[in-house]
Amino acid sequence: MESNGGDASQILGEIESLKAERKDIDDRILALEAQLREISITNGTVKSDASSPSVLKAASHPNHQLSPDAIYRYSRHLLLPSFGVQGQSNLLNSSVLVVGAGGLGSPALLYLAACGVGHVGIVDHDVVELNNMHRQIIHTEAYIGLPKVESAAHACRLINSTVKIVAYKEALHTSNALEIFSKYDVIIDATDNVPSRYMISDCCVVLGKPLVSGAALGLEGQLTVYNYKGGPCYRCLFPSPPPTTACQRCSDSGVLGVVPGVIGTLQALEAIKIASGIGEPLFARMLLFDAFSGSIRMVKIRGKSLRCEACGEKSAFTPAYFQEFDYEKFTNSPLSAAPPKLNLLPPDSRISCKEYNEKVLGNEPHVLIDVRPAHHFNIVSLPNSLSMPLSGLETRSPEISAALNEAQPQEGGGSSSGAHLYVVCRRGNDSQRAVRLLHNMGFPAAKDIVGGLESWAREVDPNFPAY
Amino acid sequence: MKLTIEFGGGLELLCNSVKVHNVKVDPQDGEEKLTMKGLLSWVCKNLIKERPEMFMKGDTVRPGVLVLVNDCDWELSGQLETPLEEKDVVVFISTLHGG
Ligand SMILES: [Zn+2]
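In order, the protein sequences belong to chains L and Z.
Quick note on numbering: the first sequence equals residues 1 to 467 in UniProt numbering.
Quick note on numbering: the second sequence equals residues 1 to 99 in UniProt numbering.
Hints in this document: simulated from the structure, not taken from any laboratory.
Incorrect hints may have been included.
Said to hold, decoys possible - Straight-line C-alpha distance at most 20 Å; calculated EDC-like pairs for lysine to aspartate or glutamate:
id	chain 1	residue 1	chain 2	residue 2
1	L	Lys300	Z	Glu81
2	L	Lys300	Z	Asp88
3	L	Lys300	Z	Asp26
4	Z	Lys33	Z	Asp88
5	L	Lys300	Z	Glu85
6	Z	Lys49	L	Glu394
7	L	Lys304	Z	Asp71
8	L	Lys304	Z	Glu75
9	Z	Lys19	L	Asp290
As the list claims (entries may be wrong) - From chain L, some residues computed to sit far from chain Z (all C-beta separations above 10 Å):
id	residue
10	Ser9
11	Pro81
12	Gly102
13	Gly103
14	Lys183
15	Thr191
16	Lys209
17	Gly214
18	Ser293
19	Lys314
20	Ser349
21	Ile379
Stated by the list, open to error - Short, incomplete list of chain Z residues facing chain L, as computed with Cβ under 8 Å:
id	residue
22	Glu75
23	Leu76
24	Leu80
25	Ile93
26	His97
Glycine included, C-beta positions come from ideal geometry on N, C-alpha and C.
Turn these sequences into a full structure, and let the hints steer you where they fit.
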């Protein structure tokens with residue numbers, strides 16, 4: 001076994017170093033190809049110069065500066081009467097920033113690079129994870145564990161080496177947002193949390209940039225353009241942040257991969273319309289997408305509000321005010337989609353995964369309640385746990401009492417030394433809420449398992465499936 | 001009068017996960033004609049089954065909920081004072097943040 005383990009780690013090491021080498025070589029090839037293209041553009045094509053000096057050269061057109069390569073690459077755009085040379089030239093001279101290289105950013109970036117936006121920026125501080133790859137389609141397995149911006153930038157360069165791609169491997173903050181945003185014509189919000197959405201909108205207001213905003217969760221998506229041609233900004237529509245309990249995350253509620261795909265693609269479309277100056281961008285309207293029923297609803301939303309704190313008449317938002325604004329405090333939630341870690345219970349109402357494991361191994365009589373929703377329980381659960389979702393738990397007293405009686409040791413029989421009651425959930429937050437509820441329901445000895453099944457997988461059973 | 005009331009963006013979870021409700025609602029609390037104000041209190045009493053604080057705050061919807069009357073933001077039609085007509089479609093949608 002040991003020698004096998006040694007072989008495996010040697011092979012893994014070799015794979016890693018070969019992958020790194022391959023990436024270096026790919027990057028060098030791309031850089032050289034881009035260099036060659038530059039030379040061809042300035043000298044005319046390499047081939048025709050060398051082999052056929054007598055051929056009549058196409059007159060460079062006075063109305064545009066599209067190179068022969070660009071004409072060929074974007075010909076299907078040029079053939080669109082409504083888009084044509086003007087639309088493509090505008091696009092090639094434009095710059096678009098995508099904040100977030102996740103489910104929305106992935107398709108948006110692929111299309112922006114492919115269609116010939118001259119300069120594309122990408123901001124993200126996360127790494128590629130396997131459990132996001134069902135929707136973050138710009139990333140490949142080879143990049144798991146590596147920064148999303150590097151993966152996304154590489155993918156964009158492979159698609160179109162003539163586009164300038166700038167990767168910002170950093171989290172967006174009030175300290176760097178103004179400087180980064182100021183370099184771009186259009187901003188795409190492809191983030192996943194409330195404070196980022198307020199921060200990005202305010203920054204766009206301060207700098208006067210159009211903002212293409214998209215969001216997706218579960219089977220629904222939303223899309224609109226803010227701060228454009230007298231339309232509203234995010235704060236016009238949502239002057240006050242929602243309660244934190246109303247902010248569901250993809251990592252909790254789930255998301256069908258193709259849903260952010262649809263919305264992210266539409267975000268690219270809106271950015272392309274604004275950057276090219278062609279079409280009617282979606283401002284003062286909002287697109288609501290319901291994948292379950294297959295419906296797309298276009299609704300009319302309010303215009304710019306004169307009383308808006310960001311873009312209204314009496315706005316205090318200057319660059320300096322923006323830089324001092326505390327978005328995490330304003331929205332009462334963190335600038336990342338990381339789940340919160342609650343601490344609601346006294347230490348004697350809690351038990352660690354390792355301690356619980358010892359009790360199981362020691363055959364301690366007990367009942368384990370799993371308070372996750374039923375569809376979570378169906379994914380994976382601990383042996384002998386009882387599924388009793390937190391919503392509705394208050395009605396389950398009789399079942400809990402019956403289970404405790406059954407688990408109680410036959411001899412001895414003292415009611416004080418009866419079976420223990422433990423509660424587990426996914427991350428250890430809902431289990432604390434449940435224990436508080438159980439204490440009030442007449443089970444004062446109930447304890448929660450700290451950190452839930454995620455900690456169980458980390459501390460006790462590495463083979464326990466994570467999700 | 002007959003109305004269609006829809007919930008989206010997760011608000012349907014407050015009404016047994018039912019998104020579309022075809023209902024009959026009469027003017028509320030001495031109103032001569034049904035307005036959004038009356039409809040909101042009717043919805044709270046009749047459709048919202050749990051966590052009403054996830055739907056209302058004070059006498060209006062909580063922050064982060066868009067209200068659409070016939071596909072138009074209720075800010076444009078008078079908010080709580082918006083008068084309702086037979087067969088109107090009222091949509092309550094929570095803004096999404098995921099990506
Ligand atoms: Zn505004």
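Here's how the hints hold up against the structure:
no. : hint                : in the structure
1   : L:Lys300 to Z:Glu81 : 18 Å, holds
2   : L:Lys300 to Z:Asp88 : 16 Å, holds
3   : L:Lys300 to Z:Asp26 : 27 Å, violated
4   : Z:Lys33 to Z:Asp88  : 14 Å, holds
5   : L:Lys300 to Z:Glu85 : 19 Å, holds
6   : Z:Lys49 to L:Glu394 : 15 Å, holds
7   : L:Lys304 to Z:Asp71 : 18 Å, holds
8   : L:Lys304 to Z:Glu75 : 11 Å, holds
9   : Z:Lys19 to L:Asp290 : 11 Å, holds
10  : Ser9                : 36 Å, holds
11  : Pro81               : 31 Å, holds
12  : Gly102              : 5 Å, violated
13  : Gly103              : 5 Å, violated
14  : Lys183              : 22 Å, holds
15  : Thr191              : 6 Å, violated
16  : Lys209              : 19 Å, holds
17  : Gly214              : 7 Å, violated
18  : Ser293              : 8 Å, violated
19  : Lys314              : 19 Å, holds
20  : Ser349              : 25 Å, holds
21  : Ile379              : 19 Å, holds
22  : Glu75               : 4 Å, holds
23  : Leu76               : 6 Å, holds
24  : Leu80               : 15 Å, violated
25  : Ile93               : 6 Å, holds
26  : His97               : 5 Å, holds
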